[in-house]
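Q: Below, each chain spelled out in residue letters.
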Amino acid sequence: MKLRVGVIGLGRMGRLHLMNSLRIDDVYVVAVADKSKSALKRAKSLGVQKLFLDYQKLLNDCHDLDAVLISLPNFLHFPSIQLALESGVNVFIEKPLATTSKECLEIMKKVKASGRKLMVGHCMRFLTVVERMKTVLSKGSIGKLEVITIEEILNGPFAHGVIPKPIPEWWFNPQKTGGGALIDLGYHWIDIFRYFTESRKARVLFSHLDYRLNLPIEDGAIVILKSLENLVTGIIHVGWYQKSIFPRYNFRLVLHGDAGYMSSEELIPKNMYLHAIKEGMKNLLRKTIRKKIHPLSYTYYYEAYYNELEHFFSCIKNDLEPSVSAIDGLRTIEIIEEVYKRSTRTSNGTK
Amino acid sequence: MRVKLTDLVGLTKVQDPKEIKDALLKTLELIGFKPEKHVKTVVIKPNLCYYWKSSTGYTTDPQLVGGIIDVLREMYNKNLDIKIAEADATAMKTKYAFKMLDYEKLSKEKDVELFNLSEDILEDKEVQVNNRKIKFKIPQILLNADLFINVPKLKVMRITTITCAFKNMFGATGYPRKIKYHPFLNEAIVGINKILRPNLTIVDGLVALGRFPVKMGLILASTDSFSVDWVAAQIMGYNPSRIKFLKIAVEENLGNPQNIEIVGESIKTFRKEFPRPSRFSKLLWSFQLSMLKLYVKVTGDLVPSFLEEA
Numbered sequence: 001m002k003l004r005v006g007v008i009g010l011g012r013m014g015r016l017h018l019m020n021s022l023r024i025d026d027v028y029v030v031a032v033a034d035k036s037k038s039a040l041k042r043a044k045s046l047g048v049q050k051l052f053l054d055y056q057k058l059l060n061d062c063h064d065l066d067a068v069l070i071s072l073p074n075f076l077h078f079p080s081i082q083l084a085l086e087s088g089v090n091v092f093i094e095k096p097l098a099t100t101s102k103e104c105l106e107i108m109k110k111v112k113a114s115g116r117k118l119m120v121g122h123c124m125r126f127l128t129v130v131e132r133m134k135t136v137l138s139k140g141s142i143g144k145l146e147v148i149t150i151e152e153i154l155n156g157p158f159a160h161g162v163i164p165k166p167i168p169e170w171w172f173n174p175q176k177t178g179g180g181a182l183i184d185l186g187y188h189w190i191d192i193f194r195y196f197t198e199s200r201k202a203r204v205l206f207s208h209l210d211y212r213l214n215l216p217i218e219d220g221a222i223v224i225l226k227s228l229e230n231l232v233t234g235i236i237h238v239g240w241y242q243k244s245i246f247p248r249y250n251f252r253l254v255l256h257g258d259a260g261y262m263s264s265e266e267l268i269p270k271n272m273y274l275h276a277i278k279e280g281m282k283n284l285l286r287k288t289i290r291k292k293i294h295p296l297s298y299t300y301y302y303e304a305y306y307n308e309l310e311h312f313f314s315c316i317k318n319d320l321e322p323s324v325s326a327i328d329g330l331r332t333i334e335i336i337e338e339v340y341k342r343s344t345r346t347s348n349g350t351k
Numbered sequence: 352m353r354v355k356l357t358d359l360v361g362l363t364k365v366q367d368p369k370e371i372k373d374a375l376l377k378t379l380e381l382i383g384f385k386p387e388k389h390v391k392t393v394v395i396k397p398n399l400c401y402y403w404k405s406s407t408g409y410t411t412d413p414q415l416v417g418g419i420i421d422v423l424r425e426m427y428n429k430n431l432d433i434k435i436a437e438a439d440a441t442a443m444k445t446k447y448a449f450k451m452l453d454y455e456k457l458s459k460e461k462d463v464e465l466f467n468l469s470e471d472i473l474e475d476k477e478v479q480v481n482n483r484k485i486k487f488k489i490p491q492i493l494l495n496a497d498l499f500i501n502v503p504k505l506k507v508m509r510i511t512t513i514t515c516a517f518k519n520m521f522g523a524t525g526y527p528r529k530i531k532y533h534p535f536l537n538e539a540i541v542g543i544n545k546i547l548r549p550n551l552t553i554v555d556g557l558v559a560l561g562r563f564p565v566k567m568g569l570i571l572a573s574t575d576s577f578s579v580d581w582v583a584a585q586i587m588g589y590n591p592s593r594i595k596f597l598k599i600a601v602e603e604n605l606g607n608p609q610n611i612e613i614v615g616e617s618i619k620t621f622r623k624e625f626p627r628p629s630r631f632s633k634l635l636w637s638f639q640l641s642m643l644k645l646y647v648k649v650t651g652d653l654v655p656s657f658l659e660e661a
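Here the protein sequences line up with chains A and B, keeping their order.
Residues 1 to 351 in my numbering are what the first sequence lists, from first letter to last.
Residues 352 to 661 in my numbering are what the second sequence lists, from first letter to last.
Simulated from the structure, these hints should not be mistaken for laboratory data.
Keep in mind that a hint or two might mislead.
Simulated coverage check for chain B against chain A, where a stretch passes if three residues somewhere in it have a Cβ under 8 Å from a Cβ of chain A [what the hints assert, rightly or not]:
no.	segment
1	395 to 403
2	444 to 458
3	483 to 497
Cross-link-like lysine-lysine pairs, in silico, DSS-like; alpha carbons within 27 Å at most [stated by the list, open to error]:
no.	chain 1	residue 1	chain 2	residue 2
4	A	K243	B	K404
5	B	K644	A	K176
6	B	K444	A	K291
7	A	K109	A	K57
8	A	K165	B	K450
9	A	K270	A	K282
10	B	K531	A	K44
11	A	K201	A	K134
12	B	K404	A	K37
13	B	K456	A	K176
14	A	K134	B	K450
15	A	K2	B	K446
16	B	K444	A	K35
17	B	K404	A	K44
18	B	K648	A	K243
19	B	K648	A	K291
20	B	K595	A	K37
Please read these numbers as outputs of a predicted model, since none were measured by experiment.
Glycine included, each C-beta is placed from N, C-alpha and C at the ideal position.
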C-alpha cells in the first residue's frame with residue numbers, strides 16, 4: 001500500500017523533498033501547500049492533485065494523509081508541527097525542530113500524546129562520509145575518540161544558483177530564524193558531535209559569534225563543546241561569510257582518537273566532476289537494465305536528503321522509530337540556546 | 352561648442368588604501384576633469400550586484416567611494432548634496448546590500464545619503480538597438496543629477512565576457528527583475544547606455560575579478576564610458592573588438608576606439624597581473640549544463656535547486 005503524503009512549504013528544501021518523495025517507492029504525494037502560486041503550479045505539473053495556499057487548510061481538508069513533510073520558515077515549525085500532530089499524521093520536519101527549547105519540549109509532549117512518529121531532518125547523519133566514519137569509529141579503528149573538529153563555511157542563504165533568486169525576507173529576521181549561521185549550519189554539526197560521541201548532553205566550553213555582514217543574525221560561529229558522558233571535545237566552526245560555488249564545498253570533519261585519526265577529506269571524492277560522471281554512468285547503466293537509479297548520487301552531498309526521506313517513510317511502513325527524533329532536536333537547540341545566552345549581543349543583534 | 356578630439360583614460364596604481372584620495376586626484380588631473388560651478392547634486396552609482404564584499408572582486412569597495420566623496424568635497428564644496436545610489440536586482444535587495452557591504456557605515460562616516468533607485472520615480476524610456484526596441488524604467492534622479500558618477504568594478508562575467516562601466520549602468524535601471532533582459536543582454540547593455548550618460552566613470556580595480564579575485568590596486572577613470580570599457584577589456588586580456596556589446600556600441604556610435612588615449616600607467620602593468628579565465632571555461636560550463644540536462648532527461652534523476660534553470 002502506498003503512503004499518502006502532503007508536502008508543506010515548497011521553498012528550496014521543500015521542493016527538493018517533493019521531488020525526492022515523487023521518486024521513492026510506495027509513496028504518493030497527495031497534496032502540497034505553499035504561499036507561492038507558481039510553486040503550486042509547478043507541483044501540479046509534476047502530478048500533485050491537491051494544491052493549497054495555506055498549510056492549515058491542507059491539514060484540515062486532507063483527512064487520509066499518512067505523513068507530512070514540513071519545510072516552512074523556522075518560526076512556523078512549532079505551530080505547523082502541532083497542527084499536523086493534532087491532525088493525526090506522522091511528521092518529517094526540516095531542521096531545526098523549533099527555534100527554542102521550550103517549543104521543542106512542547107513538541108516532544110505532543111508527539112508522545114499523539115502516538116505518531118516525528119523525524120527531524122538532520123540530513124548530515126545520512127551523508128555517505130558521515131555514515132562511513134561512524135562505522136569505522138564503532139569498530140575501534142582510531143581507538144578512544146578524544147576530539148572532533150568540524151568546519152563548514154559557505155554562503156548559507158546567500159548561495160547563488162544558476163538562476164539568481166531573491167532571498168526570502170524571513171532569513172534577515174532573527175525572530176523568525178531563531179538565529180544565523182549557528183542555528184542554520186552549526187545545528188547540523190552539533191548534532192553530528194552528539195551522534196559520534198553518543199552523548200545525551202554536552203556543555204559549552206567556549207563560544208564566539210561573528211557579525212561581519214552587519215546583520216542582526218550571526219554570520220559565523222566558533223563553539224567548543226564537551227560531551228558530559230565520555231568527555232569528548234568538539235570544535236565547531238561554521239560560517240555564512242564565504243562566497244562558494246558548488247561543487248567546491250568548504251567542509252571538513254576530523255575524528256581524533258588515541259590510536260589514530262580519520263578525516264572526511266580522505267573519504268570524500270577528490271574530484272566532484274569525475275564523481276558525477278562515474279555516478280551518472282552507473283545510473284545510466286541501471287536505467288538501461290531497468291533497475292532503480294540512485295537519485296542525486298552524482299552530487300554526492302544531496303543524496304543525503306533522499307536517504308533521510310527514504311528512512312522516514314520506511315519507519316512509517318514498518319512501524320519503527322526514526323533514527324532522529326524530537327529529543328535530538330531538543331538537545332541540539334539547548335546547546336544553541338546556551339551559546340546565544342553567552343553572546344554579548346541581544347536577540348535583535350545590538351550589543 | 353568645443354569638439355572633443357580624444358577620450359582620455361587615466362590609469363593609476365594604488366599600493367595602499369590610504370593612498371586612494373591622492374590617487375583619485377592624480378587620475379582626475381590626468382584626464383583633465385575640471386569641476387563645473389553649477390554642480391550642486393551628485394549621484395554616485397557603485398556596483399553592488401550581490402551580497403559579496405569588495406574583497407571577493409564582485410562589488411565596489413566603499414573605501415574607493417569614500418575617497419571619491421572626499422575628493423568631490425575638496426574640488427567643489429563641503430555642502431555638496433551627494434547620494435550613493437543602487438537599484439534592486441533579481442536576487443539583491445539594495446537595503447541589505449548597503450548594510451552588508453559596509454555602505455551604511457560609509458554613509459554615516461561621510462554624512463551622505465543612501466538611495467534606492469528602484470524606489471525613485473521611474474520614467475519609461477524606449478531605445479532601439481540592432482533593430483530591437485528595448486524598454487527601460489529609468490530612475491529620475493539619474494537624469495536630473497548635476498554630476499553623475501559611475502563607479503563600476505573591473506571583472507569578468509560569463510554572459511558578456513567582461514563587466515565594467517556599461518554593464519553597471521544596466522544595474523541602475525529601476526526594474527528589479529533584470530534577468531528578463533538576459534536573453535538579449537548585450538543589446539540591453541548598449542541600450543541603457545544610450546539613455547544614461549554618466550559625467551565621469553571611476554573604475555574600482557583595487558581588487559579585480561578574473562578566475563579569482565586579485566589585488567591589482569588599479570584606479571581607472573574617464574569621462575567616456577565606452578573608452579573605459581574598451582581599455583578595461585584590454586587590461587583583462589581580451590580583444591575589445593571581439594566583445595559583443597562593445598561591437599554593438601561601435602555600430603550604434605556610442606564611442607570610437609580610435610579616439611582613446613591612455614594616460615598615466617600603461618595597460619601592460621595591470622594586464623600581467625590579471626588572472627584571465629581560460630577561453631574554454633565558458634564553453635565548459637555550457638557543456639556541463641547541457642550534459643546534465645541530457646542525463647536528467649534520460650535517467651529521470653533530480654537536479655538540486657541551485658542548478659535549476661527555471
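Q: Indicate, hint by hint, whether the structure satisfies it.
A: Comparing the hints with the structure gives:
Residues of the segment 395 to 403 of chain B with a Cβ under 8 Å from some Cβ of chain A number 3, which satisfies the need for three, so the listed coverage holds. Look at the segment 444 to 458 of chain B against chain A: 7 of its residues bring a Cβ nearer than 8 Å to a Cβ of that chain, three or more, so the hint holds. Counting residues of the segment 483 to 497 of chain B whose beta carbon lies closer than 8 Å to any beta carbon of chain A gives 0, which falls short of the minimum of three for the stated coverage. A distance of roughly 9 Å separates the Cα atoms of A/K243 and B/K404; the hinted pair therefore holds under the 27 Å criterion.
Between B/K644 and A/K176 the CA atoms are separated by roughly 36 Å; this puts the pair beyond 27 Å, and the hint is violated. With a CA separation close to 46 Å, the supplied pair B/K444 and A/K291 exceeds the 27 Å bound. Between the alpha carbons of A/K109 and A/K57 the distance comes to roughly 24 Å, so the proposed pair stays at or under 27 Å and holds. Between the alpha carbons of A/K165 and B/K450 the distance comes to roughly 19 Å, so the proposed pair stays at or under 27 Å and holds.
Proximity of A/K270 to A/K282 is assessed by CA-CA distance (about 18 Å); at most 27 Å being required, the pair is judged to hold. Restraint check for B/K531 and A/K44: satisfied, since their Cα atoms lie roughly 25 Å apart, inside the 27 Å limit. Distance check on the hinted pair: A/K201 and A/K134 sit about 19 Å apart at the alpha-carbon level, within 27 Å; holds. The suggested pairing of B/K404 with A/K37 is violated, with an alpha-carbon distance near 34 Å, which exceeds 27 Å.
Distance hint between B/K456 and A/K176 is fulfilled; the C-alpha atoms sit about 25 Å from each other, no more than 27 Å. With a CA separation close to 42 Å, the supplied pair A/K134 and B/K450 exceeds the 27 Å bound. Between A/K2 and B/K446, the direct Cα distance comes to roughly 48 Å. Violation of the 27 Å bound is thereby established for this hinted pair. For the suggested pair B/K444 and A/K35, the alpha carbons sit about 21 Å apart, so the restraint of at most 27 Å is met.
As the CA atoms of B/K404 and A/K44 are separated by approximately 39 Å, the hinted pair breaks the 27 Å bound. With a CA separation close to 30 Å, the supplied pair B/K648 and A/K243 exceeds the 27 Å bound. Note on B/K648 and A/K291: the hinted pairing holds, with a Cα-Cα distance of about 16 Å set against a maximum of 27 Å. Under the criterion of a C-alpha separation no larger than 27 Å, the hint pairing B/K595 with A/K37 is inconsistent with the structure, at around 38 Å.
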